[in-house]
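Please build the complete structure, drawing on both the sequences and the hints.
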Amino acid sequence: MWKASVLGMKRIGALFVLFAFLTLLLSGCWNRRELNELAIAVAAGVDRVDDRYRLSVQVVVPGQVASKKAGGSQAPATLYTAEGDTIFEAARRMTQVSPRKIYFSHLRMFLIGESMARAGIAKFLDFLMRDHEFRTDFYLVTTKGATAEDTLKIMTPLESIPANKLFNSLQTSERVWSPSLTVTLDELINDLSNEGKHPILTGLEITGNREAGETPENVNAIKTDANLRFVGLAIFKVDKLIGWLNETESRGYRYIKGGVKSSVAFVPCGDKGKVTLETVRSHTKVTGKILGSKPEIEIKAFVEGNVGAVECRGLDLIQTKTIDELESKMEKKVEQLMKSVIAKVQEEYKVDIFGFGEAIRRSHPGFWRRHKEDWDDRFFPNLAVRIKVDYHIRRTGTLNNSFINDMKE
Amino acid sequence: MPLRRKHRQTGEIGHQGKSPDHSPDSSEDKLFPDLQANLKKIRQTLGNSSDIGIREIPLGESQKNYIAILYTDGLADQNKIYESIMKTVAHLASKAAGQQDQQSSPFSDGKRLLAEISLYNQQSRTVNDFFTLFRSLLSGDTVILVDGSAEGLIAGTKGWKDRGVMETSAENVVRGPREAFSESFRTNTSLIRRKIKDPNLWLETMQIGRVTHTDVGIMYINGIANPEIVQEVRDRLNRIDVDSILESGYIEEFIQDTTFTPFPTIYNTERPDVIAAELLEGKVAILVDGTPFVLVVPALLISFLHASEDYYQRADISSFLRILRYLSVFISLLGPSIYIAVTTFHQEMLPTQLLFGLAAQREQIPFPAFVEALLMELTFEILREAGVRLPKNIGSAISIVGTLVIGQAAVEAGIISAAMVIVVAITAISSFVLPAFNMSIAFRMLRFPLMALAGSFGLFGIFVGVMALILHLCSLRSFGVPYMAPLAPLIPESQKDSILRLPHWLLSTRPRLLSKANRTRRPGNPPKKSRSEN
Chain U
1 MWKASVLGMK RIGALFVLFA FLTLLLSGCW NRRELNELAI AVAAGVDRVD DRYRLSVQVV
61 VPGQVASKKA GGSQAPATLY TAEGDTIFEA ARRMTQVSPR KIYFSHLRMF LIGESMARAG
121 IAKFLDFLMR DHEFRTDFYL VTTKGATAED TLKIMTPLES IPANKLFNSL QTSERVWSPS
181 LTVTLDELIN DLSNEGKHPI LTGLEITGNR EAGETPENVN AIKTDANLRF VGLAIFKVDK
241 LIGWLNETES RGYRYIKGGV KSSVAFVPCG DKGKVTLETV RSHTKVTGKI LGSKPEIEIK
301 AFVEGNVGAV ECRGLDLIQT KTIDELESKM EKKVEQLMKS VIAKVQEEYK VDIFGFGEAI
361 RRSHPGFWRR HKEDWDDRFF PNLAVRIKVD YHIRRTGTLN NSFINDMKE
Chain Z
1 MPLRRKHRQT GEIGHQGKSP DHSPDSSEDK LFPDLQANLK KIRQTLGNSS DIGIREIPLG
61 ESQKNYIAIL YTDGLADQNK IYESIMKTVA HLASKAAGQQ DQQSSPFSDG KRLLAEISLY
121 NQQSRTVNDF FTLFRSLLSG DTVILVDGSA EGLIAGTKGW KDRGVMETSA ENVVRGPREA
181 FSESFRTNTS LIRRKIKDPN LWLETMQIGR VTHTDVGIMY INGIANPEIV QEVRDRLNRI
241 DVDSILESGY IEEFIQDTTF TPFPTIYNTE RPDVIAAELL EGKVAILVDG TPFVLVVPAL
301 LISFLHASED YYQRADISSF LRILRYLSVF ISLLGPSIYI AVTTFHQEML PTQLLFGLAA
361 QREQIPFPAF VEALLMELTF EILREAGVRL PKNIGSAISI VGTLVIGQAA VEAGIISAAM
421 VIVVAITAIS SFVLPAFNMS IAFRMLRFPL MALAGSFGLF GIFVGVMALI LHLCSLRSFG
481 VPYMAPLAPL IPESQKDSIL RLPHWLLSTR PRLLSKANRT RRPGNPPKKS RSEN
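Each protein sequence line maps, in turn, to chains U and Z. Reading the first sequence from the start, the letters are residues 1 to 409 in the working numbering. Reading the second sequence from the start, the letters are residues 1 to 534 in the working numbering.
Just so you know, the hints here were simulated from the structure itself, not pulled from any lab data. Take every hint as true, because none was put in to throw you off.
Here are the simulated lysine to aspartate or glutamate pairs, DMTMM-like style, with alpha carbons at most 25 angstroms apart: (1) U:Lys165 <-> Z:Glu348; (2) U:Lys294 <-> U:Glu195; (3) U:Lys300 <-> U:Glu247; (4) U:Lys101 <-> Z:Glu348; (5) U:Lys321 <-> U:Glu331; (6) U:Lys285 <-> U:Asp324; (7) Z:Lys41 <-> Z:Glu56; (8) U:Lys274 <-> U:Asp316; (9) U:Lys101 <-> Z:Glu363; (10) Z:Lys41 <-> Z:Glu151; (11) Z:Lys158 <-> Z:Glu270; (12) U:Lys10 <-> Z:Glu253.
Laid out in C-alpha cells, this is it:
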C-alpha cells in the first residue's frame with residue numbers, strides 16, 4: 001500500500017512537470033490583449049469613394065478621457081481612415097496608421113455616409129454582423145450633406161468623446177422629442193430582410209462652420225462654431241437612400257410606429273395663443289384589412305398627455321368640457337401629423353416604410369402572397385389609411401387655470 | 001480511503017485506567033527490592049537531572065529503613081506533596097517513635113505507609129516497573145519507594161504553572177463566551193465538561209509519542225456520536241507511531257483522509273463552546289496536551305465557513321453574515337483572476353466608461369495584468385506573513401511600508417495600476433472574513449493557479465479551474481463523511497443550517513450523516529405551541 005502510494009505520487013509529480021512544460025507552449029496566449037494594446041473604437045463611419053470603401057474610425061485616447069489631470073493637451077479621440085475594396089480590408093489596412101489593433105466591441109455609433117447610403121448599404125452590413133468583435137447594440141445613422149469622415153472630425157463640448165455625444169443625443173431626442181429613431185444593427189437587418197417594410201435611419205448633419213468644428217477652439221468657446229445635429233429620418237428603398245423626412249414628418253412617422261415615450265405638441269387657443277401638451281405615453285395598433293379586393297389599413301393610436309403650457313386667456317381647465325375640447329383638438333393634430341407623412345411617402349417615394357405590407361401579411365397572408373411583388377408599386381401609393389386617435393389628458397401640471405386669466409386687461 | 005502507514009503494534013498506546021501500561025521488555029524493567037539499586041538506576045536513567053528531587057527519609061526505630069520520595073521539581077505541586085505525603089510520613093514516624101517497644105519490620109512499616117498515603121491521595125496507584133515509574137514521575141506525579149519492596153506507589157501530585165484560561169486570540173466574537181482552551185489537558189477537558197454535564201460525555205485518554213508520551217483524549221457524546229466514526233478515530237490514533245506529538249497539528253497530519261489537498265479535512269478550534277456544539281452534533285473531539293487547539297472530526301467544508309457567533313446572534317443577522325462570508329470566499333478565490341480575465345480577454349464585458357478608465361490607468365504599466373496581479377498578491381502575502389511573525393511593538397512598521405511604499409508609490413511610479421491595488425486589497429480583506437485561518441490560507445493558495453489560468457485562457461480557464469476545484473471538493477471525505485455535505489450530496493433538511501441559519505426552534509434535528517442514532521434536538525414545533533413529547 002505504502003509503496004503504491006509512493007508510485008502514485010511519482011506519477012502525479014511526473015504529470016505536474018509535464019504540465020509545467022506544456023504551459024511553455026502557451027506563452028503566445030491565444031487572443032490575449034492587454035488594455036494598453038487596444039485602440040478602443042467608439043464610432044465608425046463608412047463613405048463611398050470611387051467605388052471603394054473609406055472607413056473612418058474614431059478611437060478614444062484613454063489618457064485624455066479618464067485622467068485625473070483634466071484637460072490634457074491632446075484631443076480626447078483620434079480618427080483613423082483607410083480605404084479598401086472591401087470594408088474588412090479597409091479595417092485591417094488601418095493598422096498601417098494606427099499603432100494598435102482597432103477594437104470594435106465598444107462601438108457606439110456607426111455612421112453611414114450619404115454617398116454610401118445612396119449606393120446601397122447591404123454589402124458591408126454582413127461584415128458588421130459576422131465579425132465577432134462587433135456587438136449589435138450600436139446605433140446606425142446616416143449623415144446628411146457631409147461625409148461620415150468629416151462628421152467624425154467635429155469636436156463636441158460636454159461629452160468630450162464625439163461618439164458619446166452622438167449616442168446620448170440620439171437616445172435623448174428619441175425619448176423626449178421623438179423625431180429621431182435609434183436603430184441597432186439587428187433592427188436594420190430585420191427591416192432589410194422583412195417583406196413589406198423598408199428601413200429607416202436617423203439623419204445626422206453638421207451645423208455651423210465645419211472647418212472651425214475640427215479644431216479644439218470649437219470646444220473652448222461657450223458658443224460652439226459647429227455642432228452635430230440629428231435631422232429627421234432617412235427613407236430607404238430596400239438598402240438605398242432615396243429621400244428625407246423633415247422633423248414634423250418624422251414625428252408623424254414615430255406616432256404611426258407607436259412607442260412615443262414623450263413629445264410635445266401644441267393646439268391653438270383663443271386668438272393667437274397656443275396650448276402646449278406633453279405626450280407622456282402612446283400605443284399604436286396597425287391592422288390590415290381587405291375591403292372587396294382592396295387592402296386597407298386601420299391605425300388606432302392611444303395617446304396620453306399632460307397640459308404643459310397655456311398662452312391664452314379664458315381657458316377654464318377646471319371644466320371637463322375644456323379638457324374634452326383640447327383632447328379632440330389634439331386628436332386631430334396627431335391625426336394630421338400621421339396623415340401628412342403617409343401622404344408624402346405615398347406620393348413622393350412610394351416605398352412602404354411604415355410596415356403596412358407587413359400588417360396585411362399578418363392579417364391576410366393569402367392576399368399578401370399573391371400581391372407582395374407589386375405591393376410598393378400598385379397598392380401602397382393608393383392605400384386607404386383610416387386613422388383613429390384617442391387622446392387623453394391626464395394632468396395639468398402644477399397649476400389649474402392659468403394666471404393669464406386673472407391678468408389685468 | 002484512509003492513508004495507511006507502516007506501523008508497529010506495540011503496547012505503548014493503551015487506555016489509561018483500563019490496564020496498566022507495560023513496556024515492551026517488562027521482565028527486565030521490574031523494580032528491584034533494594035531501594036539503593038532502584039535509586040541508582042533512576043539516577044542513571046535520568047542522567048542526574050537537577051530538576052528531579054529525590055528525598056531519602058529514614059523510617060522506623062532503627063532509622064535504617066529508608067523510604068525515597070521522588071518528584072520532578074516544577075511539575076509536582078509542593079503543597080500536594082506536603083499535604084498528602086509528608087504529613088503522613090511525619091505522622092507515621094512519630095507513631096513509630098511512640099511504639100518503640102513493638103518491634104516492627106521495615107517491610108511492614110513501608111507497606112503501612114504506602115497504604116496510608118494512598119488513603120490520603122485519591123490519584124495513587126502502585127507501580128512495579130520502571131517504565132510506568134518514569135512516565136508518572138516525568139508527568140508531575142510523586143513516586144514513593146520503600147526499601148525492601150519491589151513495589152512502589154505513585155501519588156498524583158500534578159500541579160505546574162500554566163497560562164490559565166485566557167481570552168480567545170484566533171477566533172474572536174462580538175457576542176459569545178470569551179474563554180479559550182489553554183495548554184493544559186485537564187483544564188481543557190474541564191472546560192468542555194462544564195458546558196455539557198451529561199454522563200454520556202465520554203473521554204478516552206491515550207498517550208502518543210514514544211519520547212514525548214503526550215496525552216491525547218477522544219471526547220464524544222455516547223449515543224449521539226456515530227460509533228463507527230468513534231472507532232475509526234480510535235483506530236487511526238492507535239496507528240500513529242512517532243517519537244513526538246508537540247501540537248495537535250502532528251495528529252491532524254497523521255489521521256487526515258487526504259494529504260494532497262489544500263483543504264483541511266479536520267477542523268480545529270480554541271473555543272470550548274465550538275467543541276461543545278460540535279459534540280452535540282455528533283462529532284468527535286481530539287484533545288492534545290500542550291496545545292489550546294482541539295481537533296474535531298469529521299469536518300465539513302461549511303463548518304469552516306460558519307462562526308460560533310452565528311448561533312448566538314439572531315437568525316436574520318447570522319444568515320446575512322453567512323451570505324456575506326460566502327461572497328467573501330468567492331471574492332478571495334476569484335477576485336484577481338476575474339479582473340485579469342476580463343481586462344485581458346473579455347474587454348467587451350466592461351461598461352464602456354469603465355473600460356476607458358481602466359485603459360487610461362494601464363497606459364504606462366509595463367507588465368501584463370497577470371504579472372501585475374502576481375506581483376501585488378505576492379507582496380501582500382509577504383506583508384501578511386511578516387505581520388504575523390513581527391514582534392507586536394514594531395508591527396505598525398508593516399502597515400506603513402504596506403500602504404505607503406507598496407500602495408501609493410507603486411501606483412505613482414507607474415508600475416502597478418490603481419485598479420489592481422483595489423482588486424488586491426478587496427481580495428485580501430475578503431480572505432480575512434473567514435473564521436478559520438487554515439481554510440482562508442487554502443483559498444489564498446488556490447488563487448495563484450486560478451490567476452495563471454485566467455492569464456492564459458481568460459474566463460474559460462477560470463471556469464475549468466473552478467470546475468476542477470468543485471470536483472476535487474466533492475471527492476474529499478472526512479472520516480467517511482462527504483466533505484461537501486449537506487450541499488453535495490444535497491440533504492434538504494440540513495439546509496436549515498448551512499448557507500442560512502434558521503431560528504433555533506426550527507433546527508430540530510442533528511445532521512443525518514453524523515448522528516445516526518439520536519437525531520432529535522427538540523420536538524419540531526414552534527416554541528409558542530405546547531410541546532408534545534415525541
